[in-house]
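K.L.:
These are the residues of each chain, in order.
2 protein chains.
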Amino acid sequence: MALVNENYLKLPGSYLFAEIGRRVAKFKNDNPDADIIRLGIGDVTRALPPAIIESLHKAVDEMADLQTFKGYGPEQGYDFLIQKVIEYDYTPRGIKLDNDEVFISDGSKCDTGNIQEIFGLDNMIAVTDPVYPVYVDTNVMAGRAGVLGSDGKFDKITYIPCTAENKFIPELPKNKVDIIYLCFPNNPTGMTIPKCELKKWVDYAKANKAIILYDGAYEAYIQESDIPHSIYEIEGAKEVAIEFRSFSKNAGFTGTRCAYTVVPKEVMAYTKDGEAIQLNKLWNRRQTTKFNGVPYIIQKGAAAVYTEEGQKQIKALVDYYMTNAAIIREGIKSIGLEVFGGVNAPYIWLKTPNGMDSWSFFDKLLTEANIVGTPGVGFGPSGQGYFRLTAFGSKENTEKAIERFKTRLKI
Amino acid sequence: MALVNENYLKLPGSYLFAEIGRRVAKFKNDNPDADIIRLGIGDVTRALPPAIIESLHKAVDEMADLQTFKGYGPEQGYDFLIQKVIEYDYTPRGIKLDNDEVFISDGSKCDTGNIQEIFGLDNMIAVTDPVYPVYVDTNVMAGRAGVLGSDGKFDKITYIPCTAENKFIPELPKNKVDIIYLCFPNNPTGMTIPKCELKKWVDYAKANKAIILYDGAYEAYIQESDIPHSIYEIEGAKEVAIEFRSFSKNAGFTGTRCAYTVVPKEVMAYTKDGEAIQLNKLWNRRQTTKFNGVPYIIQKGAAAVYTEEGQKQIKALVDYYMTNAAIIREGIKSIGLEVFGGVNAPYIWLKTPNGMDSWSFFDKLLTEANIVGTPGVGFGPSGQGYFRLTAFGSKENTEKAIERFKTRLKI
Numbered sequence: 001m002a003l004v005n006e007n008y009l010k011l012p013g014s015y016l017f018a019e020i021g022r023r024v025a026k027f028k029n030d031n032p033d034a035d036i037i038r039l040g041i042g043d044v045t046r047a048l049p050p051a052i053i054e055s056l057h058k059a060v061d062e063m064a065d066l067q068t069f070k071g072y073g074p075e076q077g078y079d080f081l082i083q084k085v086i087e088y089d090y091t092p093r094g095i096k097l098d099n100d101e102v103f104i105s106d107g108s109k110c111d112t113g114n115i116q117e118i119f120g121l122d123n124m125i126a127v128t129d130p131v132y133p134v135y136v137d138t139n140v141m142a143g144r145a146g147v148l149g150s151d152g153k154f155d156k157i158t159y160i161p162c163t164a165e166n167k168f169i170p171e172l173p174k175n176k177v178d179i180i181y182l183c184f185p186n187n188p189t190g191m192t193i194p195k196c197e198l199k200k201w202v203d204y205a206k207a208n209k210a211i212i213l214y215d216g217a218y219e220a221y222i223q224e225s226d227i228p229h230s231i232y233e234i235e236g237a238k239e240v241a242i243e244f245r246s247f248s249k250n251a252g253f254t255g256t257r258c259a260y261t262v263v264p265k266e267v268m269a270y271t272k273d274g275e276a277i278q279l280n281k282l283w284n285r286r287q288t289t290k291f292n293g294v295p296y297i298i299q300k301g302a303a304a305v306y307t308e309e310g311q312k313q314i315k316a317l318v319d320y321y322m323t324n325a326a327i328i329r330e331g332i333k334s335i336g337l338e339v340f341g342g343v344n345a346p347y348i349w350l351k352t353p354n355g356m357d358s359w360s361f362f363d364k365l366l367t368e369a370n371i372v373g374t375p376g377v378g379f380g381p382s383g384q385g386y387f388r389l390t391a392f393g394s395k396e397n398t399e400k401a402i403e404r405f406k407t408r409l410k411i
Numbered sequence: 001m002a003l004v005n006e007n008y009l010k011l012p013g014s015y016l017f018a019e020i021g022r023r024v025a026k027f028k029n030d031n032p033d034a035d036i037i038r039l040g041i042g043d044v045t046r047a048l049p050p051a052i053i054e055s056l057h058k059a060v061d062e063m064a065d066l067q068t069f070k071g072y073g074p075e076q077g078y079d080f081l082i083q084k085v086i087e088y089d090y091t092p093r094g095i096k097l098d099n100d101e102v103f104i105s106d107g108s109k110c111d112t113g114n115i116q117e118i119f120g121l122d123n124m125i126a127v128t129d130p131v132y133p134v135y136v137d138t139n140v141m142a143g144r145a146g147v148l149g150s151d152g153k154f155d156k157i158t159y160i161p162c163t164a165e166n167k168f169i170p171e172l173p174k175n176k177v178d179i180i181y182l183c184f185p186n187n188p189t190g191m192t193i194p195k196c197e198l199k200k201w202v203d204y205a206k207a208n209k210a211i212i213l214y215d216g217a218y219e220a221y222i223q224e225s226d227i228p229h230s231i232y233e234i235e236g237a238k239e240v241a242i243e244f245r246s247f248s249k250n251a252g253f254t255g256t257r258c259a260y261t262v263v264p265k266e267v268m269a270y271t272k273d274g275e276a277i278q279l280n281k282l283w284n285r286r287q288t289t290k291f292n293g294v295p296y297i298i299q300k301g302a303a304a305v306y307t308e309e310g311q312k313q314i315k316a317l318v319d320y321y322m323t324n325a326a327i328i329r330e331g332i333k334s335i336g337l338e339v340f341g342g343v344n345a346p347y348i349w350l351k352t353p354n355g356m357d358s359w360s361f362f363d364k365l366l367t368e369a370n371i372v373g374t375p376g377v378g379f380g381p382s383g384q385g386y387f388r389l390t391a392f393g394s395k396e397n398t399e400k401a402i403e404r405f406k407t408r409l410k411i
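Same order as they appear, the protein sequences are chains U and W. Counting in UniProt numbering, the first sequence runs without a single skipped number right up to 411 at its last residue. Counting in UniProt numbering, the second sequence runs without a single skipped number right up to 411 at its last residue.
Hints in this document: simulated from the structure, not taken from any laboratory. Take these hints with a grain of salt, some might be off.
Since the list gives no way to pick one copy over another, a pair counts as held whenever it fits inside one copy or between any two copies.
Claimed, not checked - Straight-line alpha carbon distances no greater than 30 Å define the calculated BS3-like cross-link-like pairs of lysine-lysine that follow:
(1) Lys209 - Lys174
(2) Lys96 - Lys351
(3) Lys265 - Lys28
(4) Lys315 - Lys58
(5) Lys28 - Lys281
(6) Lys200 - Lys26
(7) Lys209 - Lys333
(8) Lys206 - Lys265
(9) Lys10 - Lys238
(10) Lys395 - Lys153
(11) Lys10 - Lys265
(12) Lys410 - Lys96
(13) Lys153 - Lys281
(14) Lys10 - Lys206
(15) Lys281 - Lys156
(16) Lys26 - Lys265
(17) Lys312 - Lys351
(18) Lys156 - Lys272
(19) Lys26 - Lys195
(20) Lys281 - Lys26
(21) Lys209 - Lys28
(22) Lys156 - Lys206
(23) Lys395 - Lys364
(24) Lys400 - Lys10
(25) Lys153 - Lys400
(26) Lys281 - Lys200
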């Protein structure tokens, strides 16, 4: 008799964005004329920049020609892209990487979801709270999370609260943890971590032989100094950290799919007998066995990010969204709500008024202002009473949404 | 202390194609002037057909325009592609599928590798032998395989020999198995299974509540009648089978990456308490949590397969490779070697001469004829004494290779 993976049955019924979709569909059905503005899902809306489009077209033409056609590529990605990643994203920050320490992939969701496969089931997992749900869900599916309690927490996962009370800076856990997911600039709070605070985590990981899984998907949005763009700016991080980066949010690749993961050869985890094993080798084995590389065409598109024109154009994209972020941040502040993020990230994290819970505020915002956002509690128990807005809409819609906040929302 | 997944350490040191690459590189280094012909890895070599190129270009242009730009798509794939898959690949064979039973993905390697995640660790796995290594390796990595013995078999996996002795038709196992990987037309043997034999497996699965994972990546190469194109042509298969199909080998997508997996809603597996669970729901959860869909551009390219022009053009591609298959098959037969496959598949499976082992024949063929093939034993113990050649080269190289078989190989 074929048995299912019963860990899947421990997952709560519905994924956050599915529930949002359900509520929006119902509202739309009941109010067919409502002009809904979506500031919910973190999906980009601007077209791909011209340099990328040109490179994609060229690559398509290569596939049409017997002489330049590409079949299977290296599962780890083509060197032409890996070299540019290192040259532009790491070398200028004093970080040295070999080509075989960078793995091109089809997305940070996939990578942050799949990375746990190379670790044993007995590791204690720590996540900041609120958190990108994929980190938790994939550990539930693998059997590391235990059981979901009525407090919204899985009993074997360590949740590290990041709230207004601690200025969204995670504190080192009292219990020992083995694998720590950190995401900065943070989704969903839009907050960052200064180098001195990140150093505490690297030191903790070194002292405890723990691993940090560092999600830097929003790195391009960092505006302030002293905010690390890569965890490898912290001394010793190459021994304990795996870093995830993506073209989704800097170059508009959410529907085009390309990202990369850095696994330095120094990063070790251990057998139960204490033997040190290179995680680079295990991830390479995972990727070569269960993945077949990103389409050549798409990798060529991503490589155009690292041209002079490409760099200018993606900066303009980020600037566009950050202008929206400022509009949202200042607009919401002006009506007296407490607001975080939006300075080094495309996410604005607001405290709901009058202690309202996140889903009630979702319904209120949808009903009164026809605006879709994301309930903070959907990202974890410490997100209760918060709400996420994203800067990825058009400037026009963003301005219209803020106008509605000011005029329609009854606080 | 972060622990590794120690199952990875049970994998044999080197992946088949990596070892081939190593030996070829060494030979090339020692013989820089040798003109090596590769009939080894199953990778296509012809350019993408014009209908697909045109569709890819159009999709790239859509991504350049704010009005038609696509961000995140459905993780399961766009309906425009799913509907065509059903309309062209299933409806004409009397198979009815709903849209939400087809999951578009970035490759059958990924899907056949990832599918085991939705099953419990206590299932008894069966594979035909020889077999595509990904089925075994991914179960080793998950911890279902046990330990590798000196016979080349993992002690918890059931190996079902497919050799000349049984005409490459797998026999039902004596012990009970829960999950069965079948691939027809077969990689590596190039052999097929008639409907009456496949029905035995479906009946076995129904009687034992087992699941068949049916890899049909080479379906487009079927030329003879009575060979099932889909396992769902067999009565009752929708209750017990998941089917994998790919654009890699029919449309030349090995470097373009698109495939699909069919999980009918009737297919059930069970909790330990015997509760039936829809695998469709679990796979959907897996894909929505750990995958973010195939690039819009690529899905548009794949959709062009299902146009009048596209259908003609991919048929011409398949015909080209099948002409090569006939050249290889007949040529090798003419020098007195025993040969299988190559009639309904792009793979030719030959018996090595004089009881030579697979790797010795590999070295002999490389040294004497400068031809790279794939040692049968690399696909499992029952592949020992066999050797795989593929029809994916150019016609010129294929003819040249066969000429060398006839003139240079010392048998």
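K.L.:
Each hint should be assessed against the structure and marked as holding or not.
P.N.:
Here is how each hint holds up against the structure:
no.: 1; hint: Lys209 - Lys174; result: within (15 Å within a copy, 47 Å between copies)
no.: 2; hint: Lys96 - Lys351; result: neither (41 Å within a copy, 50 Å between copies)
no.: 3; hint: Lys265 - Lys28; result: between (52 Å within a copy, 29 Å between copies)
no.: 4; hint: Lys315 - Lys58; result: both (23 Å within a copy, 26 Å between copies)
no.: 5; hint: Lys28 - Lys281; result: between (50 Å within a copy, 26 Å between copies)
no.: 6; hint: Lys200 - Lys26; result: neither (46 Å within a copy, 47 Å between copies)
no.: 7; hint: Lys209 - Lys333; result: neither (43 Å within a copy, 60 Å between copies)
no.: 8; hint: Lys206 - Lys265; result: within (15 Å within a copy, 48 Å between copies)
no.: 9; hint: Lys10 - Lys238; result: between (34 Å within a copy, 27 Å between copies)
no.: 10; hint: Lys395 - Lys153; result: neither (37 Å within a copy, 61 Å between copies)
no.: 11; hint: Lys10 - Lys265; result: between (35 Å within a copy, 21 Å between copies)
no.: 12; hint: Lys410 - Lys96; result: neither (53 Å within a copy, 51 Å between copies)
no.: 13; hint: Lys153 - Lys281; result: between (33 Å within a copy, 23 Å between copies)
no.: 14; hint: Lys10 - Lys206; result: between (32 Å within a copy, 27 Å between copies)
no.: 15; hint: Lys281 - Lys156; result: both (28 Å within a copy, 25 Å between copies)
no.: 16; hint: Lys26 - Lys265; result: between (50 Å within a copy, 26 Å between copies)
no.: 17; hint: Lys312 - Lys351; result: neither (35 Å within a copy, 59 Å between copies)
no.: 18; hint: Lys156 - Lys272; result: both (19 Å within a copy, 22 Å between copies)
no.: 19; hint: Lys26 - Lys195; result: neither (45 Å within a copy, 47 Å between copies)
no.: 20; hint: Lys281 - Lys26; result: between (48 Å within a copy, 23 Å between copies)
no.: 21; hint: Lys209 - Lys28; result: neither (51 Å within a copy, 43 Å between copies)
no.: 22; hint: Lys156 - Lys206; result: within (22 Å within a copy, 38 Å between copies)
no.: 23; hint: Lys395 - Lys364; result: within (23 Å within a copy, 67 Å between copies)
no.: 24; hint: Lys400 - Lys10; result: neither (41 Å within a copy, 59 Å between copies)
no.: 25; hint: Lys153 - Lys400; result: neither (37 Å within a copy, 65 Å between copies)
no.: 26; hint: Lys281 - Lys200; result: within (27 Å within a copy, 42 Å between copies)
Comparing the model with each earlier hint shows violations of hints 2, 6, 7, 10, 12, 17, 19, 21, 24, 25; every other hint is respected.
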